[in-house]
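Fit chains B and C with the ligands to the known structure of chain A by using the hints.
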Amino acid sequence: MTYSHLPVKGKMIFLTIEKSRLKEFLEAVSDECRLIVPEKKGKSTYIFREYTDFSKVALEFVRTIIPPKRFFFPPSETLFSYTKTEGLSVSSESESFTVIFGVHPCDLHGINILDKAFSYGGRDSFYWRKREKVGFIGLSCLPDKYCLCKSMHTDFIEDVYDIFLYTLDDVYMVSVRTAFGDDLIRLKSDLFKSPTKREVVEYKKRIMERDSMFTRIMDITNLADLLTLEYKSEVWEEYSRRCLFCGSCIMVCPTCQCFDVYDTTDLTKGISYRIRRWDACMRKDYALVAGGHNFREDRAARFRFRYLHKEIGFAEMQGRATCTGCGRCSETCPAGIDMVEVVRRIRE
Amino acid sequence: MEKPKVGFYSLTSCSGDILEITNLEEDLLKLLEIVDVVDLNVAMPSTGKKPDIAFVEGAITQADEARFVRQLRKQVKYLVAIGSCACTGGVVARGPKQRRGWLKDVYPESGEGFKIGFPRPLKDVVQVDLEIPGCPIEKRYFLHCVGYLLKGVMPEVPNYPVCMECKMRENECLLRYRGLPCLGPITRAGCGARQPSLGRPCDGCFGPYDDANLESLMEIFRRLGLSEREIKKRLDLFWERHR
Amino acid sequence: MSLVPEMATLVEKRYLDPHHSLFRFIFDNELKREGFGFRPGQFVMLSIFGVGEAPISITSGPDEKGFIELCVRKAGRVTTVLHNLEENSKVGIRGPYGNGYPVEQMLGGNLLIIAGGLGIAPLRSLIRYALWRRDAFKEIYIIYGARSPENILFRGEMENLVLRNDINCLLTVDSTYGQPWNAHVGRVTDLLERVRMPLKDTSVAVCGPPVFYRFVLNKLLSLGYSKGKIYMSLERRMECGMGKCGHCVVGHKYTCVDGPIFTYWDAINLPEIF
Ligand SMILES: Cc1cc2nc3c(=O)[nH]c(=O)nc-3n(C[C@H](O)[C@H](O)[C@H](O)COP(=O)(O)OP(=O)(O)OC[C@H]3O[C@@H](n4cnc5c(N)ncnc54)[C@H](O)[C@@H]3O)c2cc1C
Ligand code: SF4
Ligand code: SF4
Ligand code: SF4
Ligand code: FES
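Protein chains in written order, with numbering that gives the first Met the number 0: chain A, 0 to 347; chain B, 0 to 242; chain C, 0 to 273.
Treat the hints as calculated values from the structure; they're not laboratory data.
The structure presented is a predicted model; accordingly, all values stated were derived computationally and were not measured.
All C-beta atoms in this analysis are idealised placements derived from N, C-alpha and C, irrespective of residue type, glycine included.
A hint or two may mislead.
Stated by the list, open to error - A short, non-exhaustive set of chain B residues, derived as facing chain A with CB atoms under 7 Å:
(1) Asp26
(2) Ile33
(3) Gly146
(4) Pro160
(5) Lys166
(6) Glu171
(7) Pro184
(8) Asp210
If we strip away everything but chain A, and leave its shape as in the complex, we get (with noise of 0.2 Å):
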């Protein structure tokens, strides 16, 4: 099997597979590489994680609860060792071939944005290190009442995976993006089969099905140009209030990326590591330099910092907003803060 993953541009092959022999593919795949699937963590909510059964794995999810990001981007991960006998030593470990199933259009949106992130200003070889060895199936979605994906242009996707699984009553349309979906199909390749008429007919219907049902809308007309004029507005003011600056929300997002960086010391050892750790921009010494100067010291500064970041910020890089209405945010703010009612005040 190659490793030749990155997406091409070009003519998508579609197939199908029946529902019923999906665990024989994945049995396949996490044959061959490191499988990682969704599964139900609490009542109503899941994670990704390391497969190890096919009845765990969910198929019927709406969002996990930390995207894929902590795969190649993880919450905190060791740069390198330091010995005053030895000197620096990075870590050279090869990370193992990894493929995430189950990932949903604004996730891989999501990964999108983070490659760009991770490669602007030159590319950071740790994040790539890893992310060079993940593969994308992804699976198609039906949105609940937190999904903005459809007002953010991120509900459907052409690129990032490997193949992306659309679910019909009974089977998949499977669309093979790159190589490595390829030699994925291949691994079991008696299992998936042209489409037929019908379930091209099928495959239509239910996109369209799917676009009536999304319920939120966030309309990002001009937004770029409002959120500098209401720059000052006391929406930020008042929010900021409410707002726990508890940092969930940063945590959560798929395209959020901030990092702190610190040492720490086994003196049993002697050996002194240096650990990149995710950080939070509404952090109040996320700015703070020495001296005790902070630049963006007040709440609502900080408050508003991060919505100015998901939806103009970094256009001029990304070419698009960051934010790819994942709705992790708003489902998991302790605080009720949603970011559609946050739009909606600055609109008005």
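Then chains B and C with the ligands, alone, in the frame of chain A:
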């Protein structure tokens, strides 16, 4: 080069923090190769030598404890408060109004005669260089701090809430999904979200982080249906002293 | 690009004042030592292992090869431990980072350099660059202000510049605090009145603490300098230096990649600049 001298001292407390340090076992023995422990009352008699760095657990409840700490302050380069009692008064400072009653219940005869002042954190009596909160402290973080102190600089104290650690562990939020009164959003991180990871709401033993929005969390608790009494009780353990 | 630094050795430490010292480093790797090129105004991330990293401007000139010099204020963890290091200690250095001064655009014109306090650090590199190729510039003015005479960093060097007659170097202190001093006492802005160069051809490089910027920029504008030709160096919290960690973001720019040098015009168009 002479090894730095380190002392561990216990004031009014359950000794849980120093116990955590002795629990370091192997690592503690290695640490002893790097530093010279001059006092560690739970494990050895005092050497009588003066420490360069003093780690003090427990709250100050009696006059001689206050005198002791003042004396210690004069001797050491760094005075480090370890554990919530030393940092804020902690469990020892619980229930300011009910204390008299409790004393009588526990010590029926001598309760009245006890010369106990209201428990105070170290910082109320002397200048403290570093606070390592927790009930008990996290031993890994303790070692991290020692590493910095030995280099002659202060470690950075985590100034973000437990929620961030909780999310990094991908826990289902107890507050959001189960309506449990978790203090994670206002509590200083450092424990790796121990309680929420076990399905129990955070009790706030690390105390508040610098940006805690207590008002908003109380409002959320009210909406969850908690009475003012229940909310007060929730905060009594570690939070009362910060109000 | 990597967050892993190159090993380097502290070869020389020079006391400047109670809070600042000059540190000279050489890379352990010979290729890196010879090949390390940078522009004035760029910075490096300096690592003290087990303590952390700090962004520090390169203060030596780009034409001086084989070593780099950093002028560092004792401000916190990394910088304090650095000050306590003995010569021959090992550190980590990665970089150079940031855009640096657009020297190509400055060539052929007049140069006005205005430094306050530690702001001299990146500007010393620009001064060295300009003096190395003195003929490539027309007039050069250097104005440097500090709190007191003993706080004038690189005092000997600066006084030598005052003596040169192919440039104008003006020094000032807020107050002499009873120390011997024979130059100006007062604000940097007073000295700006003495600059005699055609505005049109002049690039201005300013670096200093926040209040300093406020006064100097106002003065420069009132004297008619173009916002597009005033270059300032921004200081922000930095954790990576390569546009990833987010800490240095001002509005929608990364100070570490898009800066730290911004024209005044670009800077005022960033939200949350001041
Ligand atoms: C582009 C640039 C150039 C600089 N050039 C110089 C120079 O030439 N000489 C000099 O003495 N100082 C310079 N500074 C400031 C210097 O980076 C800080 O004084 C230094 O980071 C303090 O680190 P510390 O560990 O000693 O302090 P601590 O307060 O212990 O720092 C803790 C953390 O905060 C970060 N941090 C703290 N202050 C700053 C700050 N001001 N800027 C960025 N990150 C900060 C550190 O990177 C570290 O991660 C420069 C800053 C920037 C952004
Ligand atoms: S801002 Fe919220 S909705 Fe948008 S991508 Fe991040 S978590 Fe998802
Ligand atoms: S999750 Fe909600 S309360 Fe927490 S920081 Fe985000 S907006 Fe604020
Ligand atoms: S369970 Fe508690 S600590 Fe964890 S995210 Fe929820 S509120 Fe925060
Ligand atoms: S310092 Fe990390 S993004 Fe600029």
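* Could you tell me which of the numbered hints above are not met by this structure, giving the numbers in increasing order? => none
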